[in-house]
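A.B. asks: Spelled out from the first residue to the last, the chains are:
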Amino acid sequence: MVEQIATQFKHKDHFYLKKECILRRGKSDYAIYNIFNGDLISLEDEIGSVLEMAEGGNSIDEIAKHRRKDTASVINILQKVKNWGFGDYFSKRIYIEKYREGRLANITVFDIPVINKCYIELPSSCSRDCTFCGYPTLFPCITCTKVKGNLDEPSLKQILHRIIQMQCNSLVIHGGDPIINMPQLISIIEFCRKEGFANRISIITNGNLIDNSVMESLKKYSIHLIIPFFPASKMGSNYEEITYYKNIIELLHYYDVSFEATKVTLESTPDAPNSFLGVDHKPQNFVSAAIYDGDISQKKGKYPKLLDTCLRVKANVYYHNINHHPCLDGTLAITTEGNILPCPHLRNEILGTYHDPRIIDTIFKNRRIFDYWDLPLSAIDECRDCEFQYGCMDCRAIEARLTGNIHGKKLCTFSKIENKDLIQNVTTGEEQFIQCNLDRQKKK
Amino acid sequence: MVLGNILSDLIGENMNDQAHGFNFHTMNGNLYYYNDIDGVVYLQKDRDKVTESINYRPKMDTFSQENIKLGNEIERFLRSGAYHQLTLIVTEQCNLRCLYCAYSGNYINNRTHQNKNMSWDVAEKAIRRYWEGYKLVEEINPSFPPAIGFYGGEPLLNFSLIVRAVNFAKTLFQDKIHFNFTTNGTILTQEMLNFLLENDFYILFSLNGDRNEHDRLRVFRDGKGSFDVLYRNLLMLRDYDSDFYFHNCGLSLTYDIGTDLQRLYDYCENNNDILPPVSIIASVNPLFTDWYSRYSPEQIKYFEKSLTLLKNKYLTSCTKGEQPFGFLNRFFQGQYLPIFRRTENTVSTNKVFPLTASCVPGRKIAVYPNGSIHCCERISENFPIGNVEIGLDVDLIENIVKQYKSKIYPGCDSCPVKRLCQICFAVVAGKNSFERNPSNLCEIFFQNTKNRFIELWTMLENGAPESIFLPKQTNVDEEWYTW
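Heads up: the sequence lines are chains A and B, in that order.
Okay, so the first sequence: first residue is 1266 according to the numbering used here, each after it adds one.
Okay, so the second sequence: first residue is 150 according to the numbering used here, each after it adds one.
What the hints contain is simulated information worked out from the structure, not anything from laboratory work.
A hint or two may mislead.
Computed footprint of chain A on chain B; a stretch qualifies when at least three of its residues, placed anywhere within it, have a C-beta under 8 Å from a C-beta of chain A [said to hold, decoys possible]:
#	stretch
1	493–507
2	588–597
In silico DSBU-like cross-links for lysine-lysine, where the CA-CA straight-line distance does not exceed 30 Å [claimed, not checked]:
#	chain 1	residue 1	chain 2	residue 2
3	A	Lys-1422	B	Lys-284
4	B	Lys-469	A	Lys-1292
5	B	Lys-194	A	Lys-1347
6	A	Lys-1459	B	Lys-218
7	A	Lys-1277	B	Lys-194
8	A	Lys-1334	A	Lys-1422
As the structure is a computational prediction, the values presented were derived from the model and not from experiment.
Even glycine gets a Cβ: it sits at the ideal position worked out from N, Cα and C.
From just these sequences and the hints, can you work out the full model?
C.D. replies: Printed below as a string of structure tokens:
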């Protein structure tokens, strides 16, 4: 049988991955990124090391010699990869340039910086009293908390005026629940719209205070809502919350106000049903967050079972994450106290305050903001040797909170991947957050 | 028209809506196809997958000009992408008479040496106009630093104006300004050095090699070579502040067929602890001149042989995975980087100039001693885009863009290397109009580009690591200096 295979591939001396398949080596394992469809495939060392040599232009005989294997064994491995549709044989050395979109060059000072999201924190309490409020949260920027303090509205507006002059894709207003103080909220939104900001303005709200009059205002200013949905059992007795949320969503649907849902998981009860399940009208998008309400101080943390967050790594994501942080890039935040941060929950990373009218110019001129925007995971010690680093939705906010270090790492998306099966991610939509297929296909 | 007929044989069957490019064989005998529609190189055997691949993505309607209002696009550009640098041509005088100089009379599209100096009135207004424009762009891009360059003639002949301009600019701009100039280095004094160091100037010295080579073409008015004077001043600067010398200074080398390349290479490699790093290596401009007709076929053959030897040294080094440094890197890397780093699978965002490599006028601005503003210091005086009294003039810019397009764009349709074109204003600006000189400029460019693909792909097939050609992380100053 082995001899038959060897004869069959007599004139196939080399093997190369397709232009859309990029092999990356981690500390001990390998991964293939299919940047056409976004799949991220984990490979065991034996396959990965053979492929690495093949990609380097070595012939099958050379690989066999170097790996101290017989040629048929190497062919056997390569045939498996070919059967998966990732590569093919060639009779001689060739060069397959990997697929990419755009140019292959550094971002220069002449490239216009894009503020993808600017978070505006308004002092606001909350009409709820969740037991887990304030716990360490993975992706806290899409959930809520309570915020004390007083707003210096003129200073905030001055800084918003400057940000709106630049290329800013969206504003996210959060609290507390910003809807608790509608006059303050409308004043800020109205200012932004009058300044000519036509892009998306989002509000993070628990939805508790949404009624017809609030809806009229939201509709008037084309506001988008982000609503955290918590595990139903934690939020009230007997799933009352599900009914409650259904009513809110009905109202949003009636007024045709767009919204997205944050599906929040609690680490202590990861299997608890989420109130999101009761929603009839689906949001434009849903994203996932997790609250660590247990003790994670000892063991190396993992992302909750239901939150296998990794990015769908198409070409734009892959090349972006080589040089930039997957989340921080393009983010700015203004806190109630007036601090300018690279993320609304990196509270200690203060770039300046809005009492300095030139602060936005300053952080771009002295390039401090790029210390965060251009922080790829290869700059994080724990991630540097990880083959999945270009597909990880790393959250610096919770890592900094848990480790006290902006470059720290305690939670790992991929630490649960212990077997060496082929893992194929399945997308739940075109958005970036995806749910891993827990029923992984076994193609060993 | 120019290119269509010439290239029809080369690209023939490959031209259609989705595949438009050329085949090339590497030296290892592999056949590839470069498709200019998406910028991708395919294995020739995968040619039938080109259509499939393009259909997979949005239509690569790269060069669409539908519904473009040119004036509006130019105005938009002036508020977002312009004013990268102000170049003040502080004098048209020079104390040297380099034989190949753009102003030597050897170029039909350029002036000759004049005695004009820029006045303070013009310089002050120019800096003010630049500041006003910079402030507009800063609103949308606060991260790029203002930059002022001084050009000539020999700019140090009007040093007092440079001092005044620098001091004025520093009062006007609140932020760090990058100052730079190119000089022959022969009239540099200690007093000048103090000022240049104090203001963190970046200085490009024109040095063409050892004494023999340098003095062959770079001479004073009396015909004497300028090497000794320049070299003495370089050593003075090195001894005065070696850190500044090696970090803020660079060499601009110009060569032609008469250059002994091997000797130039040896000189640079053997003196890298004495000389500043090599920043630019350029050939004597072959456009709008008969400069190269002075060389015999034997001289050309000898030059080509030297060039091949050096290139082989570079290719061997890359194939072994060794990153070439210094002279070799500067000499050859620039030929392959535009190929390796080319854009792929994206639509051009340049609505003013979707074709060729021209800057939109205003990206840089060059102010001449008479106060006229031009898009580049290398272009003749006949294409002003404004003046220091009114600043940039959108109507003038629009007019020049239209002139350029009407003269240069015909023929581009059939070009198989549109994405890689390097033709710009400075390349085709004649005395009074835009023209290709020599007329087969595009054919030469295409052939060179194809050769670069062959050499690069051969290198990569033979094991040259991609990392040699990948962008390196640089700090802002390095980024600016190498711009």
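A.B. asks: Hint by hint, note whether the structure agrees.
C.D. replies: Evaluation of the provided hints:
1. 493–507: Our answer is that it holds, as 3 residues pass the Cβ test (under 8 Å) against chain A, meeting three.
2. 588–597: With 0 residues closer than 8 Å to chain A, the stretch 588–597 of chain B misses the three-residue bar; violated.
3. A:Lys-1422 to B:Lys-284: With a Cα-Cα distance of about 21 Å, the restraint between Lys-1422 (chain A) and Lys-284 (chain B) holds, given a limit of 30 Å.
4. B:Lys-469 to A:Lys-1292: holds (25 Å)
5. B:Lys-194 to A:Lys-1347: holds (17 Å)
6. A:Lys-1459 to B:Lys-218: holds (27 Å)
7. A:Lys-1277 to B:Lys-194: holds (15 Å)
8. A:Lys-1334 to A:Lys-1422: Distance ~68 Å between Lys-1334 (chain A) and Lys-1422 (chain A) Cα, so the pair is violated.
In summary, the numbered hints that this structure violates are 2, 8.
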